[in-house]
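In case you want the letters, here they are:
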Amino acid sequence: MITLSSYLAISFALFVCGIAVMIARKNIIAILLGIELILNSAALNFAAYTRFVNHNLDGHIMSLFIIVIAAAEAAVGLAIVIRFFQIRESIHIDDATQLLQ
Amino acid sequence: MFDNFLFLSSAALTVCGALAVVLAPNLMHACTYLLTTLIGVSGLYVTLSADFLAATQLVVYVGGVVILMLFAIMLTGGNDNKSVNKFGIEKVAPMGNAKTFTLAGFSALIMALVILKIIANVNKATPKTELPPYETTVEKIGELLITDHVLAFEISSVLLLGALIGAALIARPRRREE
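Keeping their order, the protein sequence lines are chains A and B.
Taking the numbering used here, I'd label the letters of the first sequence as residues 1 to 101.
Taking the numbering used here, I'd label the letters of the second sequence as residues 1 to 178.
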């Protein structure tokens, strides 16, 4: 029952949900939540393929680096969101229309 | 038996959490549902015999990224879902309205069709071989990280240092010049 296809289906569901969150929400932090979902689906795909097709550990290393880069991305992204909130007093994506302060 | 149970419960947790992130009307609740999704993905890693990955997922995502997100939500005024900005001008509600959800549904549908087309071809080509038994991967991953992948390892440490300094610089309080 536990096959490659089942993992691909779960990863597919995560990716589609992430896309829907990114387009439906207008709050910057909610959009970052969607990005986390998409990164997780990619990492899950790497781990599933390395278990069922490759039989080595390269996919695990790749998933590990995806997790590391997602953590760095979340830290910098949320710092930018907090700075944006200090300047504009809003985290609505439609208010982000200027590069100047 | 145990594998099947773990797989089914983790898959249910993951997919239901992701759907709840899409549909939750409250940003704080959406962030909490993301937590259940991440725990479910960690359980899926365990069924893939990726124990080190599962532990990393729990420590970094559940203990780090989601807490950071919750802090950012609370620092930026939480989950007010007003559709009027501070000048009284109407705008789209921050958590989306019927129009944005329709748009997102159509985009996700197109995306889903494209991905299903790709996955269908992949499934036919997958060879059916005997799976290796479950064993711990920590030792081998440690060896690989300092032999084959040492360059990527060092670059990621520099990346993390840069992200740390950059985040601290960007988010520091604004200086009053006037």
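Keep in mind the hints are simulated off the structure, nothing from the lab.
The structure displayed is predicted, hence computed values, not measured ones.
C-beta: ideal position from N, C-alpha, C; glycine also.
One should not assume that every hint holds.
Claimed, not checked - Looking from chain B toward chain A, a few residues come up when the C-beta cut is under 7 Å (computed):
#1 Leu13
#2 Val15
#3 Gly43
#4 Val46
#5 Lys91
#6 Phe101
#7 Ile110
#8 Ala120
#9 Pro132
#10 Pro133
Which of the numbered hints are not met once you compare them with the structure shown? 1, 3, 4, 7, 8, 10
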